[in-house]
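Now that you have both chains on their own, put them together as the hints suggest.
Now for the letters of each chain:
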Amino acid sequence: MTDAPGPADTRPAGPGPAPGDAAALPPAGGRRPPVCAPWVRTRLRSAPAAAGALALLVLALSFLAAAAPRALDRYADTALHRDLASRSPVVRSIDAEAVLGPAQDLSPEAVAAAVSPARLAAVERRLRDTVRPPLRIDPAAVSYGVSTSSGHLALTDPGLPEVDGLQPTATLAWRQGADAHVRMAAGRPPRAAPAAGGAGGAGGDGGDGGQGGFTVEVMVSRATADLLRVRPGSLLHLRPDTGPPFVLRVSGVYTALSAADPYWGFGQTLLRPALASAPPPGSAQYWHVGMLVGDASVRVLPRAGTVDAAWHHPVAADGLAAREVAAAEDRLDDLVSGTAASRLRSGTGVPGGLSVTSPLPAALAAFDRGRAAAAPLLAVAGAGLAGVAGAVLLMAGGLAADRRTGELALLRARGAGLPALAGRLAAETAAVALPAAAAGLSAALLLLPTARWGASAAAAAAVAGLVVLVVPLRAVLPHRGRGTGPARADVARTRPSRRRTVLDLAVLAAAAGAVAAVRQRGIAAGGVDPLVSGTPLLLGLAGALVLLRVYPWPLRLLARVAAGRRGAVPFLGLARAARSPASGTLLPLLALLLALTVAVFGGTVLYGISDGRTRAALAQVGADARIESGTELPPGLPRTVAELPGVRSAVPLRVQGGLGLLLHQGGMANGFTLVVADTAAYARLSAATGIGRFGTGLLRGGGAVPALASPALAARIGGGAQGPLVTTYGSFDVRVAGTLAQTPAARDGGDFLVVPLEQVRARWARASSAPLPAPDLLLLTGPVDPSALHRTVERARGAEAATVSVRTEVLSALDRAPLPQGATALYAAAVASVAVLSVLAVLLSLARSAPGRAALLARLRTMGMTGGRRYRLVLLEVLPPLVAAAVAGTLLGLAAVPVLGAAVDLAGLAGTDVPTGLGVRLGPLLAPGAGLLALAVGAAAAETAVTGRRRIAAELRAGEQ
Amino acid sequence: MSAEPEDGPRQPGHGPGAVRAGAPDPEAGRAGAPTLAELRRRIAEERDHPEYGRGAVIACDRLVRIFTADGVEVQALQGLDLLVEPGELMALVGASGSGKSTLLQILAGLDVPTAGSASVAGHDLLSMGAAERLRYRREAVGFVWQQTSRNLLPFLTAGQNVALPMQLGGGGRGRRRAREARVAELLDLLGVGHCRDRGPEQLSGGEQQRTAIAVALANRPAVLLADEPTGELDSESAADVFGAFRTVNAELGTTVVVVTHDPMVAGEVRRTVAIRDGRTSSEVLRRIARDADGRESVVEREYATMDRSGRVQLPREFVEALGLEHRVGLELEPDHIQVWPDS
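These protein sequences, in sequence, are chains A and B.
Here the first sequence is numbered in my numbering, starting from 2 and rising by one per residue.
Here the second sequence is numbered in my numbering, starting from 6 and rising by one per residue.
So here's chain B without its partners, still in its complex pose (with noise of 0.2 Å):
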């Protein structure tokens, strides 16, 4: 395993972990000269629905997903904010039922949310229509899920598996040739080339997901989601499956987002964002600090995810550790705010 050089978030907002809700977009001053009406559109535009998640390639604003199952309701997501920058690597971490494979679900287009927005890729996942919603599948996102046997098709070998995805797209017989590069290519970039005309039982756990992951690349998409990928491999195995989410990130640049609860994948990205009740409640950030006699150490830090209109999320050791129940003192201070217990 070899790790991957990083120098930090690309894109710095206001701080490292800043809350991007908000966000005067950078490049919107840079924009040539506006006329005088263009400017007050913008201005109105921005106090109105300021502009969300420019430039991420995921995009989710307050996004509530409900189930109704015998008349009983279920609030799956609870106004989930996310926002994921083109070229991450990212985990998504939460225990059992706070939502984040219902997240995936809706990411993957195989669920509609039921309030609020996603955008992903430019893809609108609320509004899109039958069509968009085909064509998002096929080419703006590819996904591994955690059952080994639920990815591949067992009568197709391997290579098969990888080619069905860009048969379903269509094209004439003369991309024959280019398809059979393209499957030889994603299969050696993920290590199991060997193992293109085998069929799936033929596989090895690791192989087989490797091979899922390179089926969910076939058509290049911009993001590859990933549902517990290394769930019922061996650690060895998992090891190699997460070393080709690194490749594929690094070498294709697609956004991978994985959810997970291997505290060792979970360690190996540079931004963990965990899902608690629904909703976003923390992120990990890491980076790797040089000090000063070049020894290299990862540096993490823990931060709070605050919503556009400014809730936090206390995580639940730090409620409990003070006792807060209803009410917490406020207290804001030159470059920080102090939370106190009522009392």
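If we strip away everything but chain A, and leave its shape as in the complex, we get (with noise of 0.2 Å):
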């Protein structure tokens, strides 16, 4: 007893320390700890649990917090990159041009002077100087030009190609740092500058020949060297409609260095020959080729004629992020036709002026259409998840108050004042809870890099404060009475107060009122309403409190039956759950419920959106796999195609759009789409696809072709026989037989009529001795593979203009589609954070109570109650408040389908044009609830085994603390 200081002492000296107290001595190192305790470390380091666990919910829920505006900043950035860099560089472009010619009442050599290279790059600076952020010009993608107008020059040499008996034509054209882009695959780039004299001219002195023209070098393309048959030292003769004729002496052929750089996306032409047609009527069609000319060479272009001259400017995929949409479309307004317009046009010396034009803002709108229709439904999950985060928040700040009652009273009888406590507890709170809540922003910051970060520090800063606020004064707030703290009040036996039957009622009418008015007004067009956010949360809270009301009713219902039987283990378990205290009661039902709400809603919307997405593609594609041609398919193709690995049928049908049948009546029904269908076939394929089912006897018997119409066309048709109906088919009568909502074979959703092949190939055979046209729709069903098929389409001879959809590919394309899987991504995220954060506020609530059960089941243990039934106990204990929270979760969840339903459109998550409501699915529904009482049996299991596993010494003397 070393330590003992033996003051002289004038009584007798108490007695010496306990027994085993040897170990007692003062901490190591001998430092005495100050007298007036430092009340945060202190406690810290006498509660490490808690205060971990504190410390890792805020962590956790200030993370969330954090991340959930950076994510959306993502999820949108993201979205809009892939969006962008999905369009090829010519959409996301902003373009300046000018045309510059005698039509300006400008003289070819004042034309040559303004589009000298040098000119050119001194616009282009200029361009690129106005073109400020948001919006980001790629620079490796900029190109800029000069051009003879397309379509004039006419290549006169003989023996050309020709299509429709039309000679070629040429562009010629300057491109900026063309050779840094093209491979020659033979001769040289144009360098020699050129000469006047006539065809043939073997060059001269250079400079701008009289009316004898000139002779220019190209190169030209690999592909147009093949069309025209030419290599490096060819001549080619090109004669404008105005002007001297030009010799044209290839120099070389390139290739492109890599044809999807996006430098050759604005001059398709220079790298291979393409089809033109002659304005209607006519519409004939002939060969265009551009060319490529030297430096040297810009200045005689104008002599052609107009010359175009062109900056492209493409806009850096990931230069723009969603938030900068409404400030770039406000640029790219003011570029196009605002002041900077206005400057450019006059400030750039281009004789004439540039005018600016742009694609970007029709992608820019789709983009942010795209994100409005899916704003509301994310704005649901977020008000969701910031819901049961907050109200696990608020349980987890309640348990924590509620383990230190005992010690507030103690503290507060010998007269702590309760600002004083409150403070003390805020100050160990937030040593606690500042730490973590930076280590949830930091981890937010690191994990999901994007540019702002002011809405997540606010985030965690308000998890942080609200954290810091909310376990002072639900601690103090009971202890400020003037008695020794909050007397019990069981959950089963209390009665709400009046203030606080006035606050349920004040909550029920606020939840009605959303109901009501959501229900009346609907969605917003594209607008993240807070009255539609808010109605899940609104729902569970206000369930929450009826069932807080209703709950003990059952209870005590069944503890009194319970009472009444032998059996002590259903007694005591459901005593023990009546008797729980009703103030902690609230908040862990209250998160519960919110989740389960909340999960129940998200499943159900998950669900919707796959379901919204499979039916889409069913519809866009009417069966598995679709061949379609504007022509006839070749014969051999739907053999070819059946014995295809995985294709169980193939359907060909032959369908012809936009045709009229004059009525008996008068008038006329235009415009529908006529099917012809083997009936046999057809009735199996709509039976497997589940799109216009039928039954094969209607499209029997005599007289009249039967046929299947759409509602709205059969009813205009009306009952009797009608025609005659012509077609690609033959002329027949038609009388309709039966409607059907949809047909495979049509998916633009327009009037159908469908008959059967077997009559109209009789009536054809009737009236014409030439076979019946072939099928040009072919449906497949079966697990096809999808690039077996297109590489069979594309073998097969005379299916060239054949393009074949696979449900599964489309399918997959919308499910990838950049801003609805994103969206979805999100959404889903969220919903799995609830269900983490249910499954906390579960454990938390089990935690709560652990204590006192352990104490019990030691007790019990000592009594000699087995392991089984210990088990049953806790579960009698644990279930019914779980229960209740399950089925009214369910119930609130199952609610707010309907109550909601109207108001949401999945469309927009989904990424379909298709309207997709919600509906209701016992998967999703049942899912959530099940699996927090699975949750709850296994923990409660786990409690039973190890706590059986503890000494029961142990647990007796700790359950006495």
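A hint or two may mislead.
With beta-carbon atoms standing in for the labels, derived distance ranges [stated by the list, open to error]:
# : chain 1 : residue 1 : chain 2 : residue 2 : range
1 : A       : Pro436    : B       : Gly127    : 22 to 32 Å
2 : A       : Ala428    : B       : Leu44     : 56 to 66 Å
3 : A       : Gly865    : B       : Gly315    : 56 to 66 Å
4 : A       : Leu470    : B       : Arg316    : 53 to 63 Å
5 : B       : Gly258    : A       : Pro39     : 28 to 38 Å
6 : B       : Val69     : A       : Thr502    : 30 to 40 Å
7 : A       : Ser498    : B       : Val69     : 21 to 31 Å
The hints are simulated quantities; they were obtained by calculation from the structure and are not laboratory data.
Think of the CB as a built atom: it goes at the ideal place given N, C-alpha and C, for glycine as much as any other residue.
Rendered as structure tokens:
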């Protein structure tokens, strides 16, 4: 007992330190703890587990809070970038154009001066300076140049390929930096200055020739060289509409270094010849080719007539953040038609001025529409997540406060003022919560890199602030009276106070009002409606309040029944369930209810999205795969395709759109699609796909050809035989034998008429000796391999114009669409977070009552209760509130579906045009509640096992504290 | 255990154990020369509200406390009278549910009486506001509860526990030295100076309770209340703890009120007040008498308490012995009153 200071004590010395106290010396190092304890440090050191748990919770919640705005930003940014990247540079370009020529009253010399490479470069610099952030140009993709106006320069050499008897035309172009983008396949780039002189002239002294024309060196792409059958050294002759003829000497043949280079996006004819059409009538086709001239030849291009100077500035796909879209649109407006446009028009020194155009606003507007469509549902998910997180936070704060009741009562009895108590609690909470929130924020900042962080910091700070505020308030408020602390209030006995009744009624009224408003108003087009977003939360809150009032009744009834029965387990378990403190029941119940409501609703939404996409893909394809052609399909194709592995059936159909039928009763049925189908095969197909099922008997019978019509068309045509219907497949009378809502053959959703092939063929055979035109549509069922199908169709002779669409490919394309995919992932993440939070809520509420239960179980073990019975006891105590919450939460989630269903269109999230509503499915409806109950049962089993292994004595001693 | 020298009640009233109710104030007459108006006022006051408990540190008058649970009213205190003089060391005894713990809660400022009046060290327990109640808890009373674990914060050392009430009382950092000195002084006084830097779980039960007494005394309260302070202790530790109460009473002059079941404790104090059915029913006074040979012996006498309207609770044994029921006959003799069964 060396530690006994042994003061000069007049009284008999007290008993020495208790046995086993030898180890209980002052802390190592001999430093005496200060007499006035540093509160925060002492508290944290004394309860590291509780502090750690709080820190973890705050970390997780602040991470969630900080991650949400960043995830939103990133989702939008990624979607925008993928959206822009999926578009060709041509579509995301800011283009400036100048047309210079006689029409602008410009002499060729003036034009030549204006379009010299140096002038073009100067204009380019000017343009780049004008295009300011948020628009960011992809410098590698910038291209500019000058070219002769297309379409008017005919190549006059004989023997060149012709399509409809028209000579090919050429465009002479100069592109900045062309040499850097090509590889010479033969010859060399054009270098020589243009020479004045006639056809075949062997050069000259350069300079602008007179009427005699020019010899200009050009290089052509390999494809063009192949088409025109030229090689380095070949000469071609070009005859402009006005002005002198040109002799073109091919100096080299090139291939693009990379055909995917955006540089070539604006000059496809420079890479390969294109078929052009003369203006109607006639619409005769001819080849059009592009040729590149050297720097030195730019000045003679105006001699061939009007020239186009163009500067293309594709915007970097990843250079624009989603939040900058509005600013970018403004900037684009300014560039295209605002002050910047007028400055460019006058200030660049291009005679006649520049005109700036851009297809980008259309792309951005489409993106905006998609994002706005997804926003309301994301807001619902976000509000739900925030609500559940808040409830869990309050609950955790409440649990932390409840554990400290005794300590606070002592402090209060010793004369601690409420502000002082709250201050101490706030300080110790802040010491844990602030670093944890900072860590959560940092994690969010690091893991989800994006530019904006203000909202994240504010959200994390809000979480920390809420914790620091809630824990002290929740702990101190019950002690504000004059007594020693909160009195016991059992959940099954406590009667709500009048104030509480008023509060409950207010919440119920607000929820009812919100539901009524949402039902009545529907969703605001494309906007985030706080009322709609908050409705699941309000429903959950109202449900929790109602549940808290209703829950004691069955519990009391059960407890009474159990009390009258034999067997201690049900009685003990239910009595303990009924005697859990009422004050600690609301928040866990609320957290669980909210979580379940949001999870059930969220699951329904997610299911609705995938269902919507599946249906959209099926509606688009009509079957598992579709081979479609504007012309007849090659006769062998159906059989070839039917033999592909996985194909169950291949149904050939004949489809003709845009038909009209003169009606006996007057008027006309217009614009419907005729589907000629083999009755049996078509019936099998529609049965397999579930689209437009019908009974085959409908399409039998003589007289007019029996037809199945879309409802609107059937109503128009009426009952009797009508006709004749003039089609590619013959003329015949039809009578409507039945109606079909849809057909797999026509996918535009318009009116249609399905007629049996057998009767059409019979009539055709009577009328004509020629064979019936072959089918132009092939619908496949079965799990066909898409690549094999594509290969087969590509190889089939005569099927060049056929397009193949496979349902799985369409579906995965829908799944992969940038905006919907991001939004769905975000939504799923929010629902998953809610699920995790609800698990946390269950575990927290179990942990709350665990110490008391452990003591009870230990006592019962001393009385000889078996493990199985203890387990049942724990279940009976733990499950009643959870079952109530699971049932009520599921019902609320179910209620949220019709309440919000009218207001929610999933088309935005699904990425389909088809309006997709919410439907109730058993799986997503029951899964969350069942999962939570399973978790609780598992946790109870774990608890029983753990307490069963502990020493009884330790448990009993612990239970008394 | 050294017995304190005792010389009987310090302030004899009208005889040992005399009911103090309505006792004319001995000091009243000694006040200077009162004016006529002053005298009139005093007379009127004494007639209407005779000043009760003047000079007592604890004065409870017709104290009533009613609890309501599930619509059922329970009268824990039914008009309890109690006077405790400054510097007294007294015990409150009574069966479970007799109301003694309720009384102690009220005296500690943790509960509020339903009716009656109660004042402790000049604080009116019924009318004081939140701020005064706080000050009252901090400075006027200290208390020790039965459960050793409930008196001390488990995460603070003994010394820190003692310092805590002083910190709660406020005061600048400059008073740290004074606090340290006070903590050492109190712990030494109670014989637990060696426990200063240990946590409560490292202390024996007796040490814990003595530390708890030091905590209760930290802010120099006028009254120290203890609810079964030795209830969880073995007899030796209990004796130590009770010795600590004595020490405190003798050396600091603190008034000590101990609620106890322990007959040993009850036998060690000068005055024991028994509570029955929410009222004080009897008192035992002890004093040391010296006989002719100079031998000392403890003289113990039990009295029934009489309230201000003259109500007396007859001891149960008396009632049962004579089969008293409903009515008794009374007869005034020159120096006593006779009580007869109604027959």
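message: Could you work out which of the previously given hints the structure breaks and list their numbers from low to high?
response: Structure breaks hint 1 only.
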